[in-house]
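Protein chains: 2
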Amino acid sequence: MAQKPSIPKGTRDFGAVEMARRNYIFNTIREVYALYGFRQIETPAMENLSTLMGKYGEEGDKLLFKILNSGNFRGEVSAEEYSEKSSAQLASRFCEKGLRYDLTVPFARYVVQHRDELQMPFKRYQIQPVWRADRPQKGRYREFYQCDADVVGSDSLLNEVELMQIVDEVFSRFGIRVCIKINNRKILSGIAEIIGAADKIVDITVAIDKLDKIGLDKVNEELLAVGLSPEAVEKLQPIISLSGSNEEKLDVMRKALAASEVGLKGIEEVAFVLEALKASELRNEIELDLTLARGLNYYTGCIFEVKALDVQIGSITGGGRYDNLTGIFGLPGLSGVGISFGADRIYDVLTQLDLYPAETQSGARILFINFGPTEAAHCLRLATALRRAGISAEVYPDSVKMKKQMSYANAHKVPFVALVGETEISEGKLSLKNMETGEQQSITIEEAIQIIKY
Amino acid sequence: MAQKPSIPKGTRDFGAVEMARRNYIFNTIREVYALYGFRQIETPAMENLSTLMGKYGEEGDKLLFKILNSGNFRGEVSAEEYSEKSSAQLASRFCEKGLRYDLTVPFARYVVQHRDELQMPFKRYQIQPVWRADRPQKGRYREFYQCDADVVGSDSLLNEVELMQIVDEVFSRFGIRVCIKINNRKILSGIAEIIGAADKIVDITVAIDKLDKIGLDKVNEELLAVGLSPEAVEKLQPIISLSGSNEEKLDVMRKALAASEVGLKGIEEVAFVLEALKASELRNEIELDLTLARGLNYYTGCIFEVKALDVQIGSITGGGRYDNLTGIFGLPGLSGVGISFGADRIYDVLTQLDLYPAETQSGARILFINFGPTEAAHCLRLATALRRAGISAEVYPDSVKMKKQMSYANAHKVPFVALVGETEISEGKLSLKNMETGEQQSITIEEAIQIIKY
Numbered sequence: 449m450a451q452k453p454s455i456p457k458g459t460r461d462f463g464a465v466e467m468a469r470r471n472y473i474f475n476t477i478r479e480v481y482a483l484y485g486f487r488q489i490e491t492p493a494m495e496n497l498s499t500l501m502g503k504y505g506e507e508g509d510k511l512l513f514k515i516l517n518s519g520n521f522r523g524e525v526s527a528e529e530y531s532e533k534s535s536a537q538l539a540s541r542f543c544e545k546g547l548r549y550d551l552t553v554p555f556a557r558y559v560v561q562h563r564d565e566l567q568m569p570f571k572r573y574q575i576q577p578v579w580r581a582d583r584p585q586k587g588r589y590r591e592f593y594q595c596d597a598d599v600v601g602s603d604s605l606l607n608e609v610e611l612m613q614i615v616d617e618v619f620s621r622f623g624i625r626v627c628i629k630i631n632n633r634k635i636l637s638g639i640a641e642i643i644g645a646a647d648k649i650v651d652i653t654v655a656i657d658k659l660d661k662i663g664l665d666k667v668n669e670e671l672l673a674v675g676l677s678p679e680a681v682e683k684l685q686p687i688i689s690l691s692g693s694n695e696e697k698l699d700v701m702r703k704a705l706a707a708s709e710v711g712l713k714g715i716e717e718v719a720f721v722l723e724a725l726k727a728s729e730l731r732n733e734i735e736l737d738l739t740l741a742r743g744l745n746y747y748t749g750c751i752f753e754v755k756a757l758d759v760q761i762g763s764i765t766g767g768g769r770y771d772n773l774t775g776i777f778g779l780p781g782l783s784g785v786g787i788s789f790g791a792d793r794i795y796d797v798l799t800q801l802d803l804y805p806a807e808t809q810s811g812a813r814i815l816f817i818n819f820g821p822t823e824a825a826h827c828l829r830l831a832t833a834l835r836r837a838g839i840s841a842e843v844y845p846d847s848v849k850m851k852k853q854m855s856y857a858n859a860h861k862v863p864f865v866a867l868v869g870e871t872e873i874s875e876g877k878l879s880l881k882n883m884e885t886g887e888q889q890s891i892t893i894e895e896a897i898q899i900i901k902y
Numbered sequence: 449m450a451q452k453p454s455i456p457k458g459t460r461d462f463g464a465v466e467m468a469r470r471n472y473i474f475n476t477i478r479e480v481y482a483l484y485g486f487r488q489i490e491t492p493a494m495e496n497l498s499t500l501m502g503k504y505g506e507e508g509d510k511l512l513f514k515i516l517n518s519g520n521f522r523g524e525v526s527a528e529e530y531s532e533k534s535s536a537q538l539a540s541r542f543c544e545k546g547l548r549y550d551l552t553v554p555f556a557r558y559v560v561q562h563r564d565e566l567q568m569p570f571k572r573y574q575i576q577p578v579w580r581a582d583r584p585q586k587g588r589y590r591e592f593y594q595c596d597a598d599v600v601g602s603d604s605l606l607n608e609v610e611l612m613q614i615v616d617e618v619f620s621r622f623g624i625r626v627c628i629k630i631n632n633r634k635i636l637s638g639i640a641e642i643i644g645a646a647d648k649i650v651d652i653t654v655a656i657d658k659l660d661k662i663g664l665d666k667v668n669e670e671l672l673a674v675g676l677s678p679e680a681v682e683k684l685q686p687i688i689s690l691s692g693s694n695e696e697k698l699d700v701m702r703k704a705l706a707a708s709e710v711g712l713k714g715i716e717e718v719a720f721v722l723e724a725l726k727a728s729e730l731r732n733e734i735e736l737d738l739t740l741a742r743g744l745n746y747y748t749g750c751i752f753e754v755k756a757l758d759v760q761i762g763s764i765t766g767g768g769r770y771d772n773l774t775g776i777f778g779l780p781g782l783s784g785v786g787i788s789f790g791a792d793r794i795y796d797v798l799t800q801l802d803l804y805p806a807e808t809q810s811g812a813r814i815l816f817i818n819f820g821p822t823e824a825a826h827c828l829r830l831a832t833a834l835r836r837a838g839i840s841a842e843v844y845p846d847s848v849k850m851k852k853q854m855s856y857a858n859a860h861k862v863p864f865v866a867l868v869g870e871t872e873i874s875e876g877k878l879s880l881k882n883m884e885t886g887e888q889q890s891i892t893i894e895e896a897i898q899i900i901k902y
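Top to bottom, those sequences are chains D and F.
Counted the way my numbering counts, the first sequence spans residues 449 to 902.
Counted the way my numbering counts, the second sequence spans residues 449 to 902.
Keep in mind that the hints are not guaranteed to be accurate.
Since copy identity is lost for identical chains, a pair holds within one copy or between any two.
[Unchecked claim] Only pairs whose alpha carbons sit at most 35 Å apart, straight line, appear in this in silico DSBU-like list of lysine-lysine:
| hint | residue 1 | residue 2 |
| --- | --- | --- |
| 1 | Lys-586 | Lys-661 |
| 2 | Lys-510 | Lys-452 |
| 3 | Lys-510 | Lys-533 |
| 4 | Lys-452 | Lys-503 |
| 5 | Lys-852 | Lys-503 |
| 6 | Lys-457 | Lys-533 |
| 7 | Lys-849 | Lys-457 |
| 8 | Lys-586 | Lys-877 |
| 9 | Lys-851 | Lys-726 |
| 10 | Lys-861 | Lys-457 |
| 11 | Lys-510 | Lys-648 |
| 12 | Lys-852 | Lys-726 |
| 13 | Lys-697 | Lys-713 |
| 14 | Lys-755 | Lys-457 |
Simulated from the structure, these hints should not be mistaken for laboratory data.
Generate coordinates for the entire structure from the input sequences, incorporating the hints supplied.
This is the structure:
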């Protein structure tokens, strides 16, 4: 036989069990988004390269998958140009389209393109794959799904409150215990301001972000290295090492940032969100965490991140408020706030904690063994009755050896098997075998429906 | 403002209403597939070009979207080669990957690649987009979804029976009246055989396929033109113009094809499927149609196609049995049977007949008007209670003018609006306005839940 065919590196096939689990994840997120009035949109896999280029930094441009123009892609590019130009320059001549790199830029493009049809605030969610020509490694793929929700066109902090409720609800449904971390970019700006280093905000947040990984001493070293004065670093100490309840932290910060208008604004925003959330009885802890900075310089208000409590893994959800989503496409001043669930990591957490519901295990709920054409014809009718009752049922299509049929049932973790021979047909019954207990009983189809239903 | 951004031609954005409708279509198909024990898989958007090339004919190769290799895609291609080679030759040097063109070839690749893990018969469904560099035109897109189900590894005609039941169930759920047309490739082979033109089967089926469009005379002309003798064309007349019930047609055909073993086999296959379906009380008509040939030369047994009865549109679903799905990847002898629902056409039929259920119209079921921070905080709690009861609810995030909030509710076709001011809060009630009737009542949240629930 020829060599086995394969798929491009960094991509994945999802088999039946993985798909059932992934659908469970996506459907749970989808249902919760919908409960809060978010509505789904989809954008094309391919965008014009003019939409994508320059939006993800120089490195990002390199990681875009570009699609060769159809037909004579060479266009006007002469052999001379071909030898002289760089690969990147040639690529932009040979390709007009690229694959979606994230859901944010297509969403921004969508909002600008359709702005005359959209009613603000616009609450959308989007669950689609994205593609990145990253070097594949464990847990990093070239094709993966993102699950984003955003509200644009509203400055209200109630949107932040709702997104935290959504996070809480989603992880409660999954049965994953999490800590929701919240911070505010304005607090970080305030900190930079009071230590007299407003231009160093990026450096400071990058350094603070490493506290967990490298410890306080190294963070201080780094702060000095980027040009902060020893006095400024000294002023930062109580802030970096802040502890206690959210209220205690907010009190300390209010004093520390008393001289910074923007800092106080950030504190009040966080205080509002935390206060509003008290009334909604979250089932997970929410914690003000000043070391939370998130890489992107893109956020301007509240930022949040979710950590699983019972599994060692990075952030499994994150988001925040941004001020200028659509400015890159010429429509300035549109504020928004969004979150993104990390489906692949959530998959790993659910797997490690063995939290998938039973429905994701099996295909059909019942398999009818095929004893021959007459019996099978009878079973077809019984299967129809079960399906009309909402029960997934299969009739084994071939009348092969019992052993083979049972092994099919086992492989698919089918919880019930029905044996319907001459006797059962004449009695109007079926022998129902519970595959877990091995117990077998002769019952009517109506009785079977009651037993098999979840 | 800068020029509006746009998307590549032949691609589409799907807004909230379109997505709700599309999800209704996909979820209905998905649910029915699952009821019959089919399990979902997904394959990557990108396949190796070696997997895709040569599988769709020369024309198909041109319609593949090819992905430029990352980084220095030029590889070893010199300027000289660049000028000498054809675009197609260069493309295969610059690109290793292409976008999925259909779901069948990736499925065949999947079966071969994972054959050691799969239990036969393997019943899978797959709902994913495919991409074709076709010239875009009305109803033809460069990105569109396919919804396929296949059973491989079983020769049993019960699989055909189940697929017809699935078709019947799906269209019953949609409320679309259809005619299911069935034929068998072996019958067509039998016809070719008895008129002594076994090598002309492709020409004959192509000509017969045009009967509806060009009429009997032109079909006969075409048959003569492809080299059939006048005697052969004469012999074909009763067969092409066959009418009556399925039983009557089968009787005529049994006589006409008495001399052809393969033809009789085809008749018996169709007879078996029709007989088995009688017991399952289909709600739609099924009709033996000898003019049904389907373009692909790929089918070897039963073939079927679904036509909507109340809308003028092409086939909205089709499929059939094939003998050698995986031979192209070196695994011969694997028979299968499959169907594919045409989601875009079904979308158009449902739209024309106005058959979408009410749930696809609106976002949330209820919008709480925002009268200010105190009222909004109270509404957050009420909204949480509704959501816990499974009701999608929104609190308008900003306390802007009533008119603006009501226009939001109208734009989203929200069926209920809640007005909760000081009075309602003190009375523990809410004013619920039915947006369709205009009726307004002051009730408790528990009463509201009963009213708002579907």
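Query raised in the report: For Lys-861 vs Lys-457, is the C-alpha pair at or below 35 Å within one copy, between two copies, both, or neither?
Result: Within one copy only: 31 Å inside a chain, 45 Å across chains, cut-off 35 Å.
Query raised in the report: Given identical chains, is Lys-510 near Lys-533, meaning Cα to Cα at most 35 Å, within a copy, between copies, both, or neither?
Result: Answer is both: 16 Å inside a copy and 27 Å across each meet the 35 Å cutoff.
Query raised in the report: Quick one: Lys-457 to Lys-533, C-alpha cut-off 35 Å, is that within a copy, between copies, both, or neither?
Result: both (28 Å within a copy, 28 Å between copies)
Query - Homo-oligomer pair classification [Lys-457, Lys-755; C-alpha up to 35 Å] - result: within (29 Å within a copy, 41 Å between copies)
Query raised in the report: Is it within, between, both, or neither for Lys-849 and Lys-457, if the alpha carbons may be no more than 35 Å apart?
Result: Cα proximity of Lys-849 and Lys-457: none, with 40 Å in one copy and 54 Å across.
Query - Intra/inter-copy verdict for Lys-851 and Lys-726 if alpha-carbon distance must be at most 35 Å - result: Answer is between; shortest inter-copy Cα gap is 31 Å, intra-copy 58 Å.
Query raised in the report: Given a CA cutoff of 35 Å, do Lys-510 and Lys-452 count as a within-copy pair, a between-copy pair, both, or neither?
Result: both (31 Å within a copy, 25 Å between copies)
Query raised in the report: Between copies, within a copy, both or neither: which fits Lys-852 and Lys-503 at Cα up to 35 Å?
Result: Between copies only: 34 Å across, 56 Å inside.
Requested in this report: Indicate which option fits the pair Lys-452, Lys-503 if close means a Cα-Cα distance not exceeding 35 Å: within, between, both or neither.
Outcome: This pair counts as between: shortest inter-copy Cα distance 16 Å, intra-copy 39 Å.
Query raised in the report: Between copies, within a copy, both or neither: which fits Lys-510 and Lys-648 at Cα up to 35 Å?
Result: within (28 Å within a copy, 53 Å between copies)
Report task. Can you give me the call for Lys-586 and Lys-661, within, between, both or neither, at a CA distance of at most 35 Å? Result -> within (20 Å within a copy, 56 Å between copies)
Query raised in the report: Between the shortest in-copy and the shortest cross-copy C-alpha distance, which are at most 35 Å for Lys-852 and Lys-726: within, between, both, or neither?
Result: between (57 Å within a copy, 29 Å between copies)
The earlier numbered hints that this structure contradicts are 7 and 8.
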